[in-house]
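Here the protein sequences line up with chains A and B, keeping their order.
Per this note's numbering, residue 1 is the first one in the first sequence, and the count goes up by one each step.
Per this note's numbering, residue 1001 is the first one in the second sequence, and the count goes up by one each step.
One thing to keep in mind: the hints can contain errors.
Result set (DSSO-like, lysine-lysine): computed pairs, CA atoms no more than 30 Å apart in a straight line [unchecked claim]: (1) B:Lys1326 <-> B:Lys1364; (2) B:Lys1002 <-> B:Lys1085; (3) B:Lys1364 <-> B:Lys1463; (4) A:Lys107 <-> A:Lys134; (5) B:Lys1002 <-> A:Lys40; (6) A:Lys121 <-> B:Lys1002; (7) A:Lys86 <-> B:Lys1002; (8) A:Lys40 <-> B:Lys1364; (9) B:Lys1347 <-> B:Lys1326; (10) A:Lys173 <-> A:Lys358; (11) A:Lys20 <-> B:Lys1146; (12) A:Lys389 <-> B:Lys1024; (13) A:Lys358 <-> B:Lys1074; (14) B:Lys1074 <-> A:Lys20; (15) B:Lys1002 <-> A:Lys107; (16) B:Lys1281 <-> B:Lys1146; (17) B:Lys1074 <-> A:Lys121; (18) B:Lys1024 <-> B:Lys1002; (19) B:Lys1364 <-> B:Lys1347; (20) A:Lys126 <-> B:Lys1002; (21) B:Lys1024 <-> A:Lys358; (22) A:Lys358 <-> B:Lys1085; (23) A:Lys107 <-> A:Lys86; (24) B:Lys1467 <-> B:Lys1501; (25) B:Lys1281 <-> B:Lys1085; (26) A:Lys298 <-> A:Lys389; (27) A:Lys86 <-> A:Lys121; (28) B:Lys1364 <-> A:Lys107; (29) A:Lys134 <-> B:Lys1002; (30) B:Lys1074 <-> B:Lys1024; (31) B:Lys1347 <-> B:Lys1152.
From the structure, some residues in chain B lie toward chain A, with a derived Cβ separation under 8 Å [stated by the list, open to error]: (32) Leu1003; (33) Val1005; (34) Gly1010; (35) Asp1036; (36) Asp1040; (37) Leu1041; (38) Arg1048; (39) Pro1054; (40) Ser1056.
It should be emphasised that the hints constitute simulated quantities derived from the structure, not laboratory data.
Keep in mind that this is a model prediction, so the values were computed, not measured.
Beta carbons: idealized from backbone N, C-alpha and C, even for Gly.
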Amino acid sequence: MNYIPTPPTGGGCRTAPVLKERGQREVFCGLTGIIWLHRKMQDAFFLVVGSRTCAHLLQSAAGVMIFAEPRFATAILEEGDLAGLKDAQDELDMQVERLLARRPDIKQLFLVGSCPSEVIKLDLAKAAERQSQKHGPNVRVLNYSGSGIETTFTEGEDACLACMVPVLPQTDKRQLIVVGALPDVVEDQMLELLKGLGIDNVRCLPTRTAADELSVGPNTVFALTQPFLGETHAALLRRHARHLPAPFPYGEEGTTAWLAAIAKEFDVDAETFARVTDAPRARARAAVSQASEALQGKSVFFMPDSQMEIPLARFLARECGMLPIEVGMPYIHDAIHGPDLDLLPAGPQISEGQDVDKQLDRARAARPDLTVCGLGLANPLEAEGLTTKWAIELVFTPVHFYEQAGDLAGLFSRPVRRRNILGLEAAE
Amino acid sequence: MKLSVWTYEGPPHVGAMRVATGMKGLHYVLHAPQGDTYADLLFTMIERRNHRPPVSYTTFQARDLGADTSHLFKDACRDAIERFKPEAIIVGASCTAELIQDDPGGLAETMGFDIPVIALELPSYQRKENFGCDETFFQIVRHLAKPMERTKRITCNLIGPTALGFRHRDDIEELTGLLSEMGIDVNVCAPMNSTPTDIARMGAAHFNVLMYPETAEAAARWCETNLDQPYTKVVPIGVGATRDFIAEVAAITGRPALIDETRLRQPWYAASVDSTYLTGKRVFIFGDGTHVKAAARIARDEMGFEVVGIGCFNREMARDIRATAKEYGVEALITDDYLAVEEAIEKLQPEMILGTQMERHIGKRLGIPCAVISAPVHVQDFPARYSPQMGFEGANVMFDTWVHPLVMGLEEHLLHMFRDDFEFHDDAGPSHHGAQATARLEQVEAVQTVTSDNVIWLADAEKELRKIPFFVRGKARRNTESFAAEKGLNEISKDTLYEAKAHFAR
């Protein structure tokens, strides 16, 4: 089985010069990932060790306070913890004790570092180790940092998944690990496709519960479903697993290329591949072509945010007929983003990092038909007459694989169609 | 260390942002890591602002910490002034930057800008959002306002409204109209809609109207001492408070307290017969101190409710709320712990909650109706329509808002009348329209049950209890059980049920 999407006639973007900027960044920190991770891992609890700002961020990013008692909380550092009046480690043990007593359903506890806990060098690894000994094997305690000084938005998920890799048991069995937190319904679709291809030994990281077995070793290959998993990628390589580089499974083409990379590794024949993928491919193409009508020939500008920008630009350019002007990423990792950059038709400015005011100047000058940006920028840009798509929805909504390809195009086309429908000029 | 699930207030630098974002021509340079930029969305999404908040974040990263972060701050100041050309800047640190001790105020002052530079000291690990508002506005006023000649006409400053405030936008309009009827102009409204230049001419007003003590009390006190401006102590939320406010303003200015009340409908609506069912509804009130204090008075004196508990999340108002609680014969709950509030509500079992968005969720969980009276704000708290809390229109708005979550009087009566109809039983679902209606299932035989206190509900009592409409059944059960406990009974019969009903009859 060997499927390779047609490379762009004018060349791709892999070797295009990258505009690197350093200035004010308008992005969330990695703590935000907790909002979707806690829903994926149903027996996990995320305890942020941080400030009132961290708690406020989580609550604002979650949007509404729908859960009376969610599976995340913040241990807020107080004056006494900072001034050394109290031993922060003791304080933390006490909070964890109280939490676990009240929530016996918790099987995995993540101690999540924040900007203040990193700056005061509060050793959460030590705390996690100590608490694991105390509360194990019933509860596994791990730690990672979601701090804004180290992680950008989706990198929080990366840090979380990466911290689980070193403690995975060793195995020599031949297997595939699919990495990235996907909604259960999407994950099931993916497993179904792989099963159809005859690949049975598939595990997912993260597992849905702590009891689900997962191990890793030299005969493990892994595929990433999200483009922001650089640290997890490195952690798996350290466990001697091998990465299957591929474009990300957004859209019909991305999904096919992603599946093909796995099919090739597992020697799936072309006939089986066609039998499994032909029907969903046709469905996805039909859905995308319908949902992307409003996008054809329109320009798009990506502010760096979710780290999904390059693969999404590839999807929008190749499957929805859009013209990317600038594709900004918080950071670019060639081993992970290379296959998508190869396919993205040359032309757009690729940028890494951010100086938000300068970038906004460029967006205003370019007047794109659609700007993909964070929540802080969306309404102000709309008020200036630019149509926007807020990026956080891309990580909250099922967008991967064939059956969601049309929905993914729809996420981008809805704001464009909406602007056309609304008959009155918005004056505010 | 304190475990927190949901918070009523953000950190103090968010308070400073609320002041800066409400103003024009002011810029806030905030020494903070990248994640802190989330705060922009509070303003652009929740309040639907069409501009980014005027805040430059230094967004330092871990790799900067080993080197020099102060130059990042200086660059951000220089860039902000060059790009946005503000009339003044405020500078400060968020929680993380406070730890690295770069002293933004000191740094900015040495840079030789030709505009006022106002340094903020907001201790992130001790104080919260409201303090941040209050302190920031106070510092701005202290730096910029000067004593000056009074305006010829009687004028006042409206102080306290900020960005992201609970109905501040509409309260300004309502009070401006009310004062104008009294022949009083607004000299400056601040922080909302003011510029640093406006702040500088605050001294021209004859007095200050302190709209929200949470956000401007320090400034009001400073103006009293340094600009010789008295300030109003009554917050005009509710009919009685609005009349008191008018009297207070009349006393300060010597203007007659004559206000046209023809558009005030609240007293008649409360007196009309449909409102009879509101009598003695047991309400629990929680929110910021100012709104809670006002709501308690409205609840008791203007709606005819029974106040069964009050509390506030802002410690700064604790003394006031404790005094109010005493007046109402209830305990004050001063806490910012959402779980403690939930516990109090569960214990008190009120028939209605007047609270914040948090209590709205508690109410949803416990099946208790809730009307929102205070921040923290939610996108729903910024309605498109004019919807003040202050003044006479505010009183009208509040009547509607508070009654809305309750079943209306006539409706409640009809529910009683038709409670035995086949289409109106517990399992019928929310609507009886069309095919939704399902006939009442065969009545399951009632058997005796035992409560947690080992009181036995005899089968006939249990059966009788089921005839009571579901939305008051819980209350009937609790009342009967507490009556039985009081009388030392260990069995509840049908008679006990009706004795209890008579006992609790109001």
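(message) Check the structure against each numbered hint from earlier and tell me which ones fail, lowest number first.
(response) Those not satisfied are hints 2, 10, 11, 16, 18, 25, 31, 39.
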